[in-house]
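J.: Spelled out from the first residue to the last, the chains are:
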Amino acid sequence: MIDRVKQKINELLSGGSVKGVVALANANGHVAPCLFQKGDDLQHLSLGDRETSGDARYPLNKVLTTIARQYPDEVFGVLVRGCDERGLHILFRLNQLAADKVVPIGISCPETLALQCECKKPWPDEMTAGEKSQGVAQKRVEAAEGLDLKERFSFWTEQFSKCIKCYGCRDICPMCFCKECSLECEDLVSKGDLPVDIPVFHLTRAMHMADRCIDCGLCEEACPADIPLRLLYKKTSKIMNTEFGFTSGMNKNEISPLSMMGPAPKK
Amino acid sequence: MDYRNTLTTCTYCGCGCNFFLESLDGRLTGTIPCKTSPVNEGKLCIKGWNVHQFVQSEKRLTKPLMRKNGELVEVSWDEALDFAASGLKAVKEGTGPDAVGFLASAKVTNEENYLMQKFARAGVGTNNIDHCARL
Amino acid sequence: MSELEDADTIFIIGSNTATSHPLVATRIFRAIEKGARVLVADPRKNQIAAFAHLYVRHRPGTDVALLNGMMKVILDQGLEDKAFIADNTEEFEGFKNLIHAVSLDEVSGITGVSVEDIQTLAETYAKADKASIVYCMGITQHTNGVNNVKSLANLAMLTGNIGKYATGVNPLRGQNNVQGACDMGGLPNVYTGYQPVTLGAANKKFAEAWGVSELPSKIGLTIPEMLHGIEKGEVKALWIMGENPVVSDPDANHVVKALEKLELLIVQDIFLTPTARLAHLVLPGVSFAEKDGTFSNTERRVTRVRKAVAPVGDSRQDWQIIQDISSRFGYKMEYDSPETIFKEIASLTPSYGGMTYERLEGPGLQWPCPSPEHPGTPFLHKDGKFTRGKGLFHAIGYKPPAELTDEEYPFCMTTGRVYAHYHTGTMTRNSKSLDFEVPEGFLEMNPADAEALDLCDGHRVRMASRRGEIETRIMITERVEKGVVFMPFHFEESNVNKLTNPAYDPIAKIPEFKVCAVKLEKVS
Chain Z
1 MIDRVKQKIN ELLSGGSVKG VVALANANGH VAPCLFQKGD DLQHLSLGDR ETSGDARYPL
61 NKVLTTIARQ YPDEVFGVLV RGCDERGLHI LFRLNQLAAD KVVPIGISCP ETLALQCECK
121 KPWPDEMTAG EKSQGVAQKR VEAAEGLDLK ERFSFWTEQF SKCIKCYGCR DICPMCFCKE
181 CSLECEDLVS KGDLPVDIPV FHLTRAMHMA DRCIDCGLCE EACPADIPLR LLYKKTSKIM
241 NTEFGFTSGM NKNEISPLSM MGPAPKK
Chain P
1 MDYRNTLTTC TYCGCGCNFF LESLDGRLTG TIPCKTSPVN EGKLCIKGWN VHQFVQSEKR
61 LTKPLMRKNG ELVEVSWDEA LDFAASGLKA VKEGTGPDAV GFLASAKVTN EENYLMQKFA
121 RAGVGTNNID HCARL
Chain F
1 MSELEDADTI FIIGSNTATS HPLVATRIFR AIEKGARVLV ADPRKNQIAA FAHLYVRHRP
61 GTDVALLNGM MKVILDQGLE DKAFIADNTE EFEGFKNLIH AVSLDEVSGI TGVSVEDIQT
121 LAETYAKADK ASIVYCMGIT QHTNGVNNVK SLANLAMLTG NIGKYATGVN PLRGQNNVQG
181 ACDMGGLPNV YTGYQPVTLG AANKKFAEAW GVSELPSKIG LTIPEMLHGI EKGEVKALWI
241 MGENPVVSDP DANHVVKALE KLELLIVQDI FLTPTARLAH LVLPGVSFAE KDGTFSNTER
301 RVTRVRKAVA PVGDSRQDWQ IIQDISSRFG YKMEYDSPET IFKEIASLTP SYGGMTYERL
361 EGPGLQWPCP SPEHPGTPFL HKDGKFTRGK GLFHAIGYKP PAELTDEEYP FCMTTGRVYA
421 HYHTGTMTRN SKSLDFEVPE GFLEMNPADA EALDLCDGHR VRMASRRGEI ETRIMITERV
481 EKGVVFMPFH FEESNVNKLT NPAYDPIAKI PEFKVCAVKL EKVS
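Residue numbers (the numbering used here), protein chains in the order written: chain Z, 1 to 267; chain P, 1 to 135; chain F, 1 to 524.
Don't take each hint at face value.
In silico BS3-like links for lysine-lysine, alpha-carbon gap of 25 Å or less [claimed, not checked]:
(1) P:K59 with F:K432
(2) F:K96 with F:K130
(3) Z:K38 with Z:K120
(4) P:K59 with F:K218
(5) F:K399 with F:K150
(6) Z:K6 with Z:K132
(7) F:K432 with P:K89
(8) P:K68 with F:K261
(9) F:K307 with P:K89
(10) P:K89 with F:K399
(11) F:K232 with P:K89
(12) P:K89 with F:K150
(13) Z:K101 with Z:K6
(14) Z:K179 with P:K59
FYI, nobody ran anything at the bench for these hints, they're computed from the structure.
Next up, chain Z with everything else stripped away, as it sits in the complex (with noise of 0.2 Å):
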């Protein structure tokens, strides 16, 4: 699969249709985010899989918003899994990012990570390399969703109670670009002690990706508590899905239930 990827960067950067392509590299031991730019070495480029498949995911669609803040007018290639697939489509739709300055390369994910993720979609619609894996039901909500209502209180309040206040969640999300966070307003959020406001901290990260989550599951990875926010935001995209018919970014052009401003204006 990565000679097939790297085939197609090649591709990329050598016919000069991109500026350079954001992907992971193999650095120092380890594995890292990298922009690849033409001329650059593609031998030590990695797909994020090292003890098990995908254990080296990295937010790579936040990496590129970086680039492209700063460099409006090129246009960028990116690696992208099923997931980060469906990040895109709400960066576009979100003016984040802008649909014709990017060239995403589509891998599938195999079928140990979508188990372990437990994903609906472990491919991109766009596909350069990689088969299909069936999807995943959602065994972890539906146990989740088997405990009473004072169990669930009891069992989300003593996680919740970890949390030491990283903003971890936020800082590695694809999907948080938001100058001003709700996380910061202090009369919703109260700051400068640990542990957090109970369950308000959550609950209104919760609220805020409602629409926007894409299953990555970076955030519970990143998660130095431990907490399962995995299960909290899968959970919530259940209820709008339930509520609404809408998965975040599995259509690439609906718009959200929950925005009430309409349409990005045509330029």
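Chains P and F: place on chain Z using the hints.
T.: Just chains P and F now, with coordinates in the frame of chain Z:
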């Protein structure tokens, strides 16, 4: 266009978390925790996540300062280094090597601490070197 | 560090782990998830105490009493590990005699912890298969800090919880490279790798390597001793690199007076700290993001620091500053990079002997790593083997802190950290997000004390000790008990170290930051 992620070790607590300092054209733009580090496994605390913010602060010291007529004023490196060397020499020759003391640091690298104690011991000739391990 | 996850009992004493060592707390949370029991003893009910199987609030400075009480229970109930004691330890009899004389009622009176809780602590810890102890500055920053640590070692040896996987006595180092600064000989009595300056062989080895005819063999001065030396006119010049004693050291007013007396004060730092403002010469070094080198973390893991961006302005590499001054002073240094310096360190330091920058790629290496093939050492004292042969029991009686409360100074004040700041705040307070999170200092006070002083949350108080006074805002919380107040030390404008007691431990020379007597008065 120069976008980089430099793998390094946190400067705050003794956990020694590993992360990438993200930079674009020479400006630090972010911190990304290293997922394959055995120490922090892709996680960080609030201090780590924001560690890039102080580095290019406008309040950083950018030039040597020397006290002249009671005020700290900017001077050249040449003047500063000569002043330090001759000042230390004068105290050593006037009172003896043990009249000079050194504070190494729990915040600088091993190499820098090594060099300072080497200078204290082999250069000046004193074991008066300590750091705030106890604080 | 990750071993902690597999302990079945974790005893945390004097460590606000979730705030000060978050990534260690991660491992503790995971152990809890796996069913481990957590015991927390701390004068302040910190975040992790909420997850404890048992939390006890002992009075500041009464750690030895509490630990002796626990060991009394263990011996009385025959819960000690007799085989481990017989095979791996010495001086048990003397220790046993001292513990036999301990009265649990007295311990309870001294510590404020009930006899029942002391029993539960002791039984839970002693009956565990794999019990780890985690401690931090709450244990060490006392006039009897060394005795506190030795008492923890007694407890671990008594129950055989040392030298096995997921056990042991685990100190958490406060600052990122405290371990490294010690390893590198940034101490008055040792060269790198703890080779004593007083030892002829080490002395000779370093003299030869450094190309000098002789090296001083007299043990040098510690920081508090240097300050005394300055007052007595014996120390006249001081070169401070990357430290801020005016904010970090106890009795700050006294530190300022001493530094002002120097003929030459050189401060090398990245910001104009309160200490730098007193200097004759300020040298702009560079931050960790602008340099290459290595740090050694709390688990003795050496990892690389790599230069991410060019130094700001005319600031210079710290190693280069030292090298240039040394050469101008008359002792020539000609390194071309931190890596060359590291090679020299490895050649002179057996525990770092097998390390090279190349081998430090990836996860890094934990010392001792004596040879190029050696994989490094994840934990010390393996299979009951101690560095000195056998583990030594110490008979340690309880001694109260150096300064007790009295009629004039009725509150016991203790200091520490908050989650968003680090040490003297030089770096974190210049970070936008962190300054937003906690912009100013505050004093934690029990609701009963606040009511007695007619104070509401956010009111300002004047707090004074025998050494100085400051003003600050109060935060009312039950985290501290009645009669005890807590204040973080990150804030130079409300510098709590103007109040702290410089009395120090006779062996480790650690000042008693954790206990001093203060009085409080409402600011109208």
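J.: Next step is simple, just say for each hint if it's right about the structure.
T.: Evaluation of the provided hints:
Of the pairs offered as hints, the one joining P:K59 and F:K432 holds, with about 12 Å between alpha carbons and a cut-off of 25 Å not exceeded. Proposed proximity of F:K96 and F:K130 is supported: the alpha carbons are some 23 Å apart, at most 25 Å. Proximity of Z:K38 to Z:K120 is assessed by CA-CA distance (about 36 Å); at most 25 Å being required, the pair is judged violated. Simply put, P:K59 and F:K218 have alpha-carbon atoms about 41 Å apart, too far for the 25 Å limit, and the pair is violated.
A threshold of 25 Å between alpha carbons decides the hint, and for F:K399 with F:K150 the separation of about 14 Å falls inside it, so the pair holds. About 19 Å separates the Cα atoms of Z:K6 and Z:K132, which keeps this hinted pair within 25 Å; it holds. Taken as a hint, the F:K432 and P:K89 pair is broken in the structure, with Cα atoms around 42 Å apart against an allowance of 25 Å. Between P:K68 and F:K261, the direct Cα distance comes to roughly 17 Å. Compliance with the 25 Å bound is thereby established for this hinted pair.
For the given pair, F:K307 sits about 33 Å from P:K89 by alpha-carbon distance, which is inconsistent with the 25 Å threshold. Pair hint P:K89 plus F:K399 does not hold up; C-alpha atoms about 45 Å apart against a cutoff of 25 Å. For a cut-off of 25 Å, the pair hint linking F:K232 to P:K89 stands: about 20 Å separates their Cα positions. With a C-alpha separation of about 42 Å, the suggested pairing of P:K89 with F:K150 is violated against the 25 Å cut-off.
For the proposed pair Z:K101 and Z:K6, the alpha carbon gap of about 20 Å is at most 25 Å, so the pair holds. Note on Z:K179 and P:K59: the hinted pairing holds, with a Cα-Cα distance of about 24 Å set against a maximum of 25 Å.
Checked against the numbered hints above, the structure breaks hints 3, 4, 7, 9, 10, 12 and satisfies the rest.
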